[in-house]
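In order, the protein sequence lines correspond to chains U and C.
The opening residue of the first sequence carries number 439 in the numbering used here; numbering runs sequentially from there.
The opening residue of the second sequence carries number 2 in the numbering used here; numbering runs sequentially from there.
Hints were generated in silico from the structure; no laboratory data involved.
Watch out, some of these pointers could steer you wrong.
A few chain C residues facing chain U, derived, Cβ under 7 Å [to be verified]:
id, residue
1, Gly-53
2, Leu-81
3, Leu-84
4, Asp-87
5, Ser-90
6, Arg-93
7, Phe-99
8, Asn-105
9, Val-107
10, Val-121
Pulled from the structure, derived: some chain C residues nowhere near chain U, Cβ distances all over 10 Å [unchecked claim]:
id, residue
11, Lys-123
12, Lys-153
13, Gly-157
14, His-201
For glycine and all other residues, C-beta sits at the position ideal for the given N, C-alpha and C.
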Amino acid sequence: MFRFAIKMLFGDSAKFYGILLGLGFASLLIAQQASIFVGLMSRTFAFIGEVGHVDLWVFDPTQSYVDEPKPLRSTALSRVRGVTGVAWAAPMYKGLLVATLPDGSRKVCDVVGIDDDTLAGAPAEVVAGSIADLRMPDAVMVEVGSSQQQLRFPADLAPGAVPAPGQVFDPKGPTRAVEIGDIIELNERRARVVGLVKCAETFVAAPTVYTVYSRAVTYAPPSRRVMSTVLVGANEGVAPDALAARIEEETGLAAMQPWDYSMRTLGYWMRETGIPINFGIAIALGFFVGIAIAGQMFYNFTLDNLRYFGAFKAMGASSRLLLGMVALQALVAGVLGLGLGLGAVSAFGLNAAGGKLAFKMLWQIPLIAAGAVLVICVLASMISMWKVVRLDPADVFKGA
Amino acid sequence: MTVNAQAATNLAIRLRKVEKTFGKGESAVRALRGVDLDVPAGELTMLVGPSGCGKTTLISILAGLLSRDRGELEVFGQDLNALRRDRLSAWRRDNVGFIFQQFNLVPQLSVAENVSVPLVLKGESVGAAVKRADELLATLGLEGRGRSAPLKLSGGQQQRVAIARALIHEPRLLVCDEPTSALDAELGRRVMSLIRDRSHQQDRAVIVVTHDDRIFHLADRIAYMDDGLVRTVETHDRSSSETNSDARPGGHST
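Work the whole structure out from these sequences, hints included.
This is the structure:
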């Protein structure tokens with residue numbers, strides 16, 4: 439009879455596709471919105487993940503997230519270095535500065551200054567050039583993603599060339615991506631592109647520019663406090679969490695392992711912005727749309743077949759068997775609808791990979807979507823099952 | 002006026018003072034008010050009467066689809082009220098075949114699959130049940146139509162499919178609700194002949210609810226119902242087509 443139940447489901451093609459569409463749409467909305475949410479929120483702490491081989495981040499204790507400008511005194515570096523268990527400590531500058539392009543246009547850039555000596559804090563992936571080239575005069579490296587899209591040079595200006603005095607570029611003329619040798623100005627100071635790096639997209643959609651710390655602070659507006667954070671490596675055998683506690687105790691600064699700092703940053707954006715609520719509403723909408731469309735369709739499907747279930751019941755099918763048939767129909771529709779939705783989301787994700795759109799499908803997201811579809815199917819089939827259980831087999835004699 | 006003596010000694014169904022009421026209080030409807038009826042095995046019994054007289058309620062009770070409120074009922078010696086719901090379902094599955102007025106053929110299943118349902122419900126594999134369905138369909142003039150969709154058949158063919166479904170598991174009791182109402186006279190006669198052929202076995206009984214007086218002559222016994230009671234029972238001798246009407250007022254003869 440279960441085989442017949444499946445044939446009954448597939449045979450009513452209009453309702454079957456309607457159910458699939460509803461469940462597919464629900465799982466699509468739930469999984470896609472959840473993936474975009476995760477992708478977007480991951481960007482809030484993506485910069486922390488970019489900095490490899492660091493045991494601890496030391497920063498102002500009132501700083502809520504990695505991009506918040508709460509600079510430290512330069513003495514913080516030596517105080518951290520003085521804590522027992524610290525193998526090395528490197529300064530880092532991170533701040534938004536204005537870049538001026540040859541055509542006179544201006545862009546706000548996210549400038550990262552890494553330790554001159556160790557180059558600790560450098561991005562892992564270098565696309566062109568060498569990180570060591572940052573030690574060259576005026577050297578900067580730009581991120582190939584957002585930077586190349588936003589730091590556009592006039593197409594008729596050769597890489598490395600300087601505009602002739604009085605040369606004017608058409609702001610609406612053709613442009614090209616930034617290349618090695620190009621010159622930009624950061625806070626009216628010369629910066630020469632010596633390489634291209636690849637980084638994860640961050641929440642701040644400004645072009646990312648890397649340079650060494652000593653040069654970054656010359657680009658930054660003069661201030662007694664310019665150092666954004668101190669990167670720390672622990673001595674071998676020293677537990678990072680114990681070292682963090684020691685640094686906090688001895689310096690009064692906050693010290694966190696990369697994951698904890700990421701979660702602190704994430705927590706800020708989750709608490710202080712409406713992003714989770716907005717996405718939560720979209721996800722809930724997907725769930726309720728799924729219930730409305732698929733639930734209604736499935737219920738109508740059962741209602742349409744109620745006379746046949748009644749006939750089966752009259753012929754001796756037990757209520758348990760009929761419930762099993764309805765449950766199987768709901769399960770099959772759910773699995774197919776979920777597959778359809780997740781397939782569409784995966785295709786969407788593959789298409790969005792490497793683009794500006796934030797998209798990150800964790801393994802938990804398909805499970806959440808599956809759970810939501812399961813709930814939709816259970817709710818829909820429970821209403822249908824109620825009709826089947828209450829079905830009086832004698833009704834089959836009452837005609838259509 | 003002859004009573005089938007052999008059948009009379011072998012009752013398939015015995016009802017005494019059977020009552021059924023739907024609803025409660027002022028809205029209560031007494032569908033059956035104390036029905037007495039004997040249905041001998043090996044006969045085709047027709048239930049006739051005006052709409053609302055209790056025919057549908059009566060066949061529902063006979064077939065184990067409804068429980069009676071009062072009175073006695075035995076179907077092939079079984080008191081159906083004594084069976085629990087799951088046992089009653091199993092009893093229907095094993096003993097009753099249904100032919101519904103609206104056929105109730107599942108449109109998404111093939112003709113043979115529709116016919117095979119009672120066997121599948123009894124635990125037979127779909128493949129074996131469909132094979133037997135094909136064989137039975139062939140005997141009913143539907144050879145080669147097993148893979149067709151029911152809705153692609155004519156009304157008469159659909160009715161024969163419904164008959165095949167009702168007979169495939171060789172039930173002892175065949176319950177037919179207006180089996181000829183959707184058919185023209187010739188088809189109706191042929192369908193009833195098929196049903197009648199199945200009734201004349203000593204361990205079987207056929208109950209037909211009908212308004213169609215064109216088929217009355219095919220009955221072995223006609224129970225006239227009115228206002229929740231069986232008012233008159235006529236018996237027909239198969240060989241002579243004579244009738245035997247009881248002495249109650251309102252009796253009919255054919």
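Structure-based check of each hint:
1. Gly-53: Result: violated, 12 Å to nearest chain U Cβ.
2. Leu-81: 13 Å, violated
3. Leu-84: 12 Å, violated
4. Asp-87: 6 Å, holds
5. Ser-90: Holds. Min distance 5 Å.
6. Arg-93: Since the shortest Cβ distance to chain U is 4 Å, the answer is holds.
7. Phe-99: With a minimum Cβ separation of about 6 Å from chain U (threshold 7 Å), the hint on C:Phe-99 holds.
8. Asn-105: Hint holds; C:Asn-105 Cβ to chain U Cβ min 4 Å, cut 7 Å.
9. Val-107: 5 Å, holds
10. Val-121: Since chain U brings a Cβ to about 6 Å from C:Val-121, closer than 7 Å, the hint holds.
11. Lys-123: C:Lys-123 is in fact no farther than 10 Å from some Cβ atom of chain U, at 8 Å.
12. Lys-153: Given a closest Cβ separation of 13 Å, the condition holds.
13. Gly-157: For C:Gly-157, whose nearest Cβ neighbour in chain U is about 18 Å away, the distance exceeds 10 Å, so it holds.
14. His-201: Given a closest Cβ separation of 24 Å, the condition holds.
The structure shown violates the earlier hints numbered 1, 2, 3 and 11.
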